[in-house]
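Peer 1: Sequence:
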Amino acid sequence: MSCAADLPPKGLRDLVAQRVTAPVCWVRLPGGRTNRSWRVRGATCDWVVKLFDASRSNRLFPNDPQAERQALIALAGQGLGPDFVAEFELQGEVGLIYDYVEGALSGKTDHRTIRALGRLHHLTPPPGLRQIDVCPVVLLEQGRSFLRGLDTLLVRHLIATEPAPSPVPGGREVFLHGDPVPANVLIHDGRLRFIDWQCPARGDATADLAIALSPAMHHVYGRGIFAKAEQETALAAYPEADTIARYRQLAPFYRWRMAAYCAWKVARGEAIYEVAAEAELNPERA
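Going left to right, the sequence shown walks through residues 5 to 290 as our numbering numbers them.
Hints were generated in silico from the structure; no laboratory data involved.
Among these hints, one or two may not hold up.
What follows is a set of in silico ranges between Cβ atoms, one per label pair, in the way DEER data are often shown [as the list claims (entries may be wrong)]: (1) Gly107 <-> Thr48: 16 to 24 Å; (2) Pro256 <-> Ala90: 41 to 49 Å; (3) Leu11 <-> Glu91: 17 to 25 Å; (4) Asp193 <-> Pro169: 44 to 52 Å; (5) Thr128 <-> Pro13: 36 to 44 Å; (6) Thr128 <-> Val89: 21 to 29 Å; (7) Val89 <-> Pro256: 40 to 48 Å; (8) Pro27 <-> Glu93: 22 to 30 Å.
Straight line, CA to CA, 25 Å or less: simulated SDA-like cross-link-like pairs of lysine to any residue [said to hold, decoys possible]: (9) Lys112 <-> Asn67; (10) Lys232 <-> Leu196; (11) Lys14 <-> Trp30.
The model shown is predicted, which means the values in this text are computed figures rather than measured ones.
Cβ atoms here follow ideal geometry from the backbone N, Cα and C, with glycine treated the same way.
With the hints as constraints, model all of the structure from the sequences given.
Peer 2: Here it is as structure tokens:
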């Protein structure tokens, strides 16, 4: 039985059929700029089945199914993400099955998202996750790595305006979502959960704040304009004042790196990132 014209590969339907005895309904989920996913409903299941596209992984946003599996297992019972069901491989493609999460997309980062990130950051990260370094020197080098070999007006502007590195005290290592953009935040009956855990990491909490508060990411994955006042109100909800202070110190380097990432995406044919870069570079006008 099917409720969708855009069915998954037959092999994937057969694989799910082995796990449930009753007929199921497949519905392609919207979004999916990185991976393909479907909602599968039946008498004994309400799942998301997600197929990973290995070509969509990059240095800032890895697309790692094993890391997502580790994160979901570690989050069991915490109410911050979907419950893990299974991992599978189909003709060289890796996929995951996890429980479907009801909810509407947040659209914009607000105090609820930031407080939920604070909860996540107090959990012990599972072993094996990538470790990230957010000192200014490293953030700038990551940005330069996206710009190498490119020559556009935006790239020249970024090279000319690269901020000078300055020392910023490090923070404790926490459990990071890695990609808490508005499209990965669902709210239902006042309850917030994060989805799409394919970029989890261990590192400074400011790394998640930088993505959650990024004007560029709101342009691509949210409701467009993310005003400076909205950013400040959201940031103030984070439960640790020293993390807020450290984020403010690191923000120029995070923003420059994000703009460099946007320039790289534009060069790969994703035109939406051109306006996103402008929003990132001019947060007071975002």
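Peer 1: Please go over all the hints and tell whether each is borne out by the structure.
Peer 2: Outcome of the hint check:
Between Gly107 and Thr48 the Cβ separation comes to about 22 Å, which falls inside the hinted range of 16 to 24 Å. Checked against the hint of 41 to 49 Å, the pair Pro256 and Ala90 passes, with Cβ atoms roughly 43 Å apart. Checked against the hint of 17 to 25 Å, the C-beta distance between Leu11 and Glu91 comes to roughly 21 Å, which is consistent with it. Evaluation of the 44 to 52 Å hint for Asp193 and Pro169 yields a pass: the beta carbon distance comes to about 45 Å.
Taking 36 to 44 Å as the suggested C-beta distance range, the pair Thr128 and Pro13 conforms, at roughly 37 Å. A C-beta distance of roughly 23 Å is found between Thr128 and Val89, which places it inside the suggested range of 21 to 29 Å. In this structure the hint that Val89 and Pro256 lie 40 to 48 Å apart at CB holds, the actual value being about 42 Å. For Pro27 paired with Glu93, a C-beta distance near 25 Å keeps the hint of 22 to 30 Å intact.
A distance of roughly 23 Å separates the Cα atoms of Lys112 and Asn67; the hinted pair therefore holds under the 25 Å criterion. This hinted pair checks out: Lys232 and Leu196 have alpha carbons roughly 23 Å apart, not beyond 25 Å. Of the pairs offered as hints, the one joining Lys14 and Trp30 holds, with about 12 Å between alpha carbons and a cut-off of 25 Å not exceeded.
Violated hints: none; the structure is consistent with every hint.
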